[in-house]
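Build out the structure end to end from the sequences listed, making use of the hints.
Protein sequences appear in the order of chains A and B. For what it's worth, the numbering used here labels the leading residue of the first sequence as 1, then goes sequentially. For what it's worth, the numbering used here labels the leading residue of the second sequence as 99, then goes sequentially.
FYI, nobody ran anything at the bench for these hints, they're computed from the structure. A portion of the hints provided could be inaccurate.
Lysine-lysine pairs mimicking DSS-like chemistry, simulated, CA-CA at most 27 Å apart [unchecked claim]:
{"hint": "1", "chain 1": "B", "residue 1": "195", "chain 2": "A", "residue 2": "71"}
{"hint": "2", "chain 1": "B", "residue 1": "215", "chain 2": "A", "residue 2": "73"}
{"hint": "3", "chain 1": "B", "residue 1": "191", "chain 2": "A", "residue 2": "73"}
{"hint": "4", "chain 1": "A", "residue 1": "73", "chain 2": "B", "residue 2": "250"}
{"hint": "5", "chain 1": "A", "residue 1": "71", "chain 2": "B", "residue 2": "215"}
{"hint": "6", "chain 1": "B", "residue 1": "218", "chain 2": "A", "residue 2": "71"}
{"hint": "7", "chain 1": "A", "residue 1": "71", "chain 2": "B", "residue 2": "257"}
{"hint": "8", "chain 1": "B", "residue 1": "257", "chain 2": "A", "residue 2": "82"}
{"hint": "9", "chain 1": "A", "residue 1": "71", "chain 2": "B", "residue 2": "250"}
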Amino acid sequence: QPPRTCEDYRWEWRHCRGLRHAFHHYYAHGELPACGRWREDYEACRAWESGRAAAAQEALCNSERARVTEKQKYAPVWTLRKSPPPDWYLPLDQDKPT
Amino acid sequence: TVFNDRHFSCEDCDGCVSGGFDSATSQIVLCQNNIRQQSHMNRVVTHELIHAFDHCRAHVDWFKNVKHLACSEIRAANLSGDCTLMNEIARFKFGLKGHHQTCVRDRAIRSILAVRKVSKETAEKAVDEVFDACFNDLEPFGRIPHSKTDAKRAYRDFKNRDRYNANL
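Spelled out as structure tokens, the structure:
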């Protein structure tokens with residue numbers, strides 16, 4: 001099945017084209033958003049669900065994988081943990097002066 | 099997971115600080131004498147939760163590595179709503195095109211200087227070095243939440259993450 005529901009792609013596309021989002025994007029990034037990609041993903045999703053078109057499946061997966069890769073563009077500043085810090089859940093000693 | 103009675107503490111604070119994250123105890127401190135509006139409280143809680151999230155998921159050297167501190171402050175200013183247009187206007191800071199990033203940079207520098215004894219140049223250099231990486235690190239939201247709608251969408255994406263990852 002597609003990575004997201006087709007309704008999610010449609011929502012993202014329509015949200016991207018809205019005035020509020022355009023304003024927020026301009027304020028945060030200094031340019032207007034590009035929404036064509038969500039539209040293409042939505043159309044690929046519909047093609048996938050209705051006809052199981054192989055080309056549409058591949059296009060959609062490539063698009064989503066590219067999104068994931070874009071997020072990993074920058075080298076992380078810190079190393080990730082494998083589990084929370086050891087004292088995360090330990091009770092605090094409330095009587096100890098801070 | 100964060101628990102109200104373990105990870106939050108409401109205290110009186112000096113000066114005009116609104117809150118902080120104590121990495122030694124993994125606890126968020128909320129300054130009950132300096133927060134007077136619900137919207138401000140929401141913002142401070144989100145801001146400190148970003149720090150708590152970073153402390154929980156990564157080896158952040160809060161005290162000895164200024165770049166680590168800078169990164170978390172950039173993310174907290176970016177994702178908490180600290181830098182909305184209305185908040186900036188209320189601070190008499192005016193700007194529109196990409197002003198969010200100017201605000202995030204400035205507030206991160208201010209936060210560093212408030213908690214560490216480093217020079218302004220050191221703080222600025224650290225922020226500039228990690229800005230691109232950290233401004234674009236939008237975890238756990240996956241987007242900059244400008245509204246409740248955005249926040250709800252982010253939560254929806256989180257709930258559907260297994261399906262997303264399985265079908266890439």
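Tested hints:
no.	hint	in the structure
1	B:195 / A:71	holds, 23 Å
2	B:215 / A:73	violated, 32 Å
3	B:191 / A:73	violated, 31 Å
4	A:73 / B:250	holds, 26 Å
5	A:71 / B:215	violated, 33 Å
6	B:218 / A:71	violated, 30 Å
7	A:71 / B:257	holds, 19 Å
8	B:257 / A:82	holds, 21 Å
9	A:71 / B:250	holds, 21 Å
In this structure, the hints that do not hold are numbers 2, 3, 5 and 6, in rising order.
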